[in-house]
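J.: Sequence lines, in order, name chains A and B.
Residues 48 to 350 in my numbering are what the first sequence spells out, letter by letter.
Residues 89 to 442 in my numbering are what the second sequence spells out, letter by letter.
Errors might be hidden in some of the hints.
[Claimed, not checked] Stretch-level coverage of chain B by chain A, calculated; a stretch enters the list once three of its residues show a Cβ under 8 Å from a Cβ in chain A:
id, segment
1, 177 to 188
2, 191 to 201
3, 287 to 298
[Stated by the list, open to error] Mimicking DSBU-like on lysine-lysine, the simulated pairs with C-alpha atoms at most 30 Å apart in a straight line are:
id, chain 1, residue 1, chain 2, residue 2
4, A, K203, A, K95
5, B, K265, B, K202
6, B, K265, A, K271
7, B, K206, B, K314
8, B, K202, A, K271
9, A, K95, A, K299
10, B, K319, A, K271
11, B, K169, B, K202
12, B, K225, B, K248
13, B, K272, B, K217
14, B, K206, A, K271
15, B, K319, B, K385
[As the list claims (entries may be wrong)] Computed spacing ranges between beta-carbons, pair by pair:
id, chain 1, residue 1, chain 2, residue 2, range
16, B, R323, A, M259, 30 to 38 Å
17, B, R273, A, W155, 40 to 48 Å
18, A, R61, B, E219, 47 to 55 Å
19, A, M259, B, Q211, 22 to 30 Å
20, B, A214, A, E54, 30 to 38 Å
21, A, S257, B, T154, 23 to 31 Å
Just so you know, the hints here were simulated from the structure itself, not pulled from any lab data.
Here the structure is a predicted model, which is why all the values come from computation and not from measurement.
Here a beta-carbon is modelled for each residue, glycine too, at the ideal position from N, C-alpha and C.
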Amino acid sequence: MSPAEQELVTRSARNGWLLSAPALVVLTLAAVGPLLIVVVYSFLLPGKYGNVVWGFSLDAWSGILYTRDIFDGTLALADAHLSIFWRSVKLSILTTIFTFVVGFPTAWFIATRPQKARAMWLFLITIPFWTNLLIRTFAINEIIRNEGLLNSTLIKLGLITQPIEMIYTDGAVFVGMTYVYLPLMVLPLFAAIDRFDMRLMEAAYDLYASPMQVLRRVIMPVVKPGIVAGSILVFVPSLGAYVTPRLLGGGKNMMIGNFIELQFGQGRNWPLGASLSVTLLIVVTGALLIYVRYANREAGNGQ
Amino acid sequence: MTQTIAVEANHVVKAFGHGETAVRALNDVSVQIRTGEFFTLLGPSGCGKTTLLRLIAGFEMPSAGTILLDGADITTLPPNKRPVNTVFQSYALFPHLTVAQNIGFGLEMLGRPKAEVKARVDQMLALVKLEPMADRKTSQLSGGQQQRVALARALAPTPKVLLLDEPLSALDLKLRKEMQLELKRLQLETGITFVFVTHDQEEALTMSDRIGVMSAGKLQQVGSPKEIYTKPVNRFVASFIGETNFLPATRDGDAYRLDCGIKVAAPSSATGRVTLTVRPEQIRIGAETDADALPAKVTNLVYFGTDTHCHVNLPDGTEVVVRLQSPATGDAGLALGQAVGLSFVPDALQVLED
């Protein structure tokens, strides 16, 4: 390369950086900035009326798993926290699995419709996005609460005499999250199935695969990118869900999202809220890394 | 030796859609495909040849009629229960599997032991000369190599019948010629019955033991390539396979009188108005004065290299094409407007059914 050419390359590289600088500045401020504040706050002391007091402390981090006894100051494992974590993970995994179980046949159905009908079905799937999440969740609340549509209908039909306790249970949160996040599973699955060459199914069927084997050995591995994308899109917001557990789970059936909110609100323990937020971030990132690596290894084996 | 029948279709009807709008892709098709033969279904697109293949594979169920494999009724068996494998037009190789895994797929689904599958896969890789590619993903292969993987995959479970749905149509001309020979070699080496679907008449003539010519959902004629070419039964077969001339004629005594007035002999007992057909290369051009010659006038000469096509008009205006081998000088010695006499080589004239 001649010096002149070298000069040209360096200059174009410099120009590239200059041109992307505004975007980089915005991204840094918007993404890294707040995160940095959260991390810093997690090492500070809580203020009496919220906010933080400047002074280094690891209390917020130990507070994730342990509570300090008010009277003698000893540390004890916080059962309440653990049950919130466990509920969050359990409900998120269940939601992901169930949205897949329901979403896969739905996506398959849409992808195998004629081109024209497909647009209509996809439109129907996306309609819920047009309504505010809060309103949709209240609608479910209206259906399943004790004096709600479902219970009053059942009572009128004489099938039950006492309303069934549906609202403010883990089951209600699960149903709500499944309903809210189902489109996020269906859309990437549809995209993957739409690209799937249906002749592969015939080929497998022709080569003595049973319908179940066709599904497991050919369809699933080929549409896996869609399954991975859909699972991530459902699992990540599920784990941090706030509105749904708040409205359908009540104060008792909290998830991590509600617990974090509590610290910044009534709990007046911002450092604990911050450390919980960072923990959630780490857990989600870790889970995703493990999941994606596992999915890729499967693909590598071609099994 | 008595010929055993591998595949038999009896009065098969396949209709798509319902009621008034139903389309009959196959309309009462009966055919017997012999064990170990290379049988080609030939016809224009939309003639029903692929539908018949899919019925044999089991991807579709006939609306009426039965399909037998080695004498057993398989009409309602699903594809995974039929000892028949297909090479798809688009190959339909599994993108998430390697070449070796693709080839072993069928045997694995049959639940064969791992060692047996591996041995068979190696054998098939050798057969289609793809040993170095065993661990590649299929997307890393060229079109011709993908074609060979598709063949090996379909042959690996040793099907009773191998179905090939226009497998060569995606290849360029040179590769297609190579694969034609390759297919023929594989068929001879494995002894498996091949049912090959194509719209390419040359492909059908060069590869097949027998050809079934299809048109408009019906089987028009079944026979060896020679029979199909030299003794077409109707106008469709005659014009679809190779080039030909049609001469309208009328029965006169024990011969036929062409519309231009000349009487010619042809092996048939059909009476009334008929159509005679004669291949361009079966006509000789002589002098106008030759005995029994058909008087004609040269209207056009088209030079093709090895051949020269000479277009002539009969007195009644019927145009006839004569194919002459070009002489060394390239000059056929004919001039436009020249009066000539046509004669037919023996047995060249055939009478068509319609």
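J.: Are the hints correct? Go through all of them and say.
T.: Hint by hint, here is what the structure shows:
1. A stretch counts as covered by a chain when three or more of its residues have a beta carbon under 8 Å from one of that chain; for the segment 177 to 188 of chain B and chain A the count is 8, and the coverage holds.
2. Remark: the segment 191 to 201 of chain B is confirmed as covered by chain A, as 4 of its residues place a Cβ nearer than 8 Å to a Cβ of that chain, reaching the required three.
3. Counting residues of the segment 287 to 298 of chain B whose beta carbon lies closer than 8 Å to any beta carbon of chain A gives 0, which falls below the threshold of three, so the coverage claim is violated.
4. Between K203 (chain A) and K95 (chain A) the alpha-carbon distance is near 52 Å, which puts this suggested pair outside the 30 Å criterion.
5. A distance of roughly 36 Å separates the Cα atoms of K265 (chain B) and K202 (chain B); the hinted pair therefore is violated under the 30 Å criterion.
6. At roughly 38 Å between alpha-carbon atoms, K265 (chain B) and K271 (chain A) are farther apart than 30 Å, so this suggested pair is violated.
7. For the hint pairing K206 (chain B) with K314 (chain B), the CA-to-CA distance comes to about 42 Å; that exceeds 30 Å, so the pair is violated.
8. Straight-line distance between C-alpha atoms of K202 (chain B) and K271 (chain A) comes to about 26 Å, which keeps the hinted pair within the 30 Å bound.
9. Distance restraint check for K95 (chain A) and K299 (chain A): the Cα-Cα separation of roughly 25 Å lies within the 30 Å cut-off, and the hinted pair is therefore satisfied.
10. Using a Cα cut-off of 30 Å, the hinted pair K319 (chain B) and K271 (chain A) is violated, with the two alpha carbons roughly 56 Å apart.
11. Straight-line distance between C-alpha atoms of K169 (chain B) and K202 (chain B) comes to about 21 Å, which keeps the hinted pair within the 30 Å bound.
12. Using a Cα cut-off of 30 Å, the hinted pair K225 (chain B) and K248 (chain B) holds, with the two alpha carbons roughly 28 Å apart.
13. A C-alpha spacing of about 15 Å is found between K272 (chain B) and K217 (chain B), which places the hinted pair at or below 30 Å, so the restraint holds.
14. For the suggested pair K206 (chain B) and K271 (chain A), the alpha carbons sit about 27 Å apart, so the restraint of at most 30 Å is met.
15. Of the pairs offered as hints, the one joining K319 (chain B) and K385 (chain B) holds, with about 28 Å between alpha carbons and a cut-off of 30 Å not exceeded.
16. The hinted range of 30 to 38 Å is not satisfied by R323 (chain B) and M259 (chain A), whose Cβ atoms lie roughly 51 Å apart.
17. Evaluation of the 40 to 48 Å hint for R273 (chain B) and W155 (chain A) yields a pass: the beta carbon distance comes to about 41 Å.
18. Between R61 (chain A) and E219 (chain B) the CB atoms are about 52 Å apart, so this pair conforms to the stated range of 47 to 55 Å.
19. Judged by the Cβ atoms, the range 22 to 30 Å given for M259 (chain A) and Q211 (chain B) holds: they are separated by roughly 29 Å.
20. At roughly 57 Å, the beta-carbon separation of A214 (chain B) and E54 (chain A) lies outside the given 30 to 38 Å, and the hint is violated.
21. Between S257 (chain A) and T154 (chain B) the beta carbons are some 24 Å apart, a value that agrees with the proposed interval 23 to 31 Å.
Taken one by one, the earlier hints fail for this structure at numbers 3, 4, 5, 6, 7, 10, 16 and 20, listed in ascending order.
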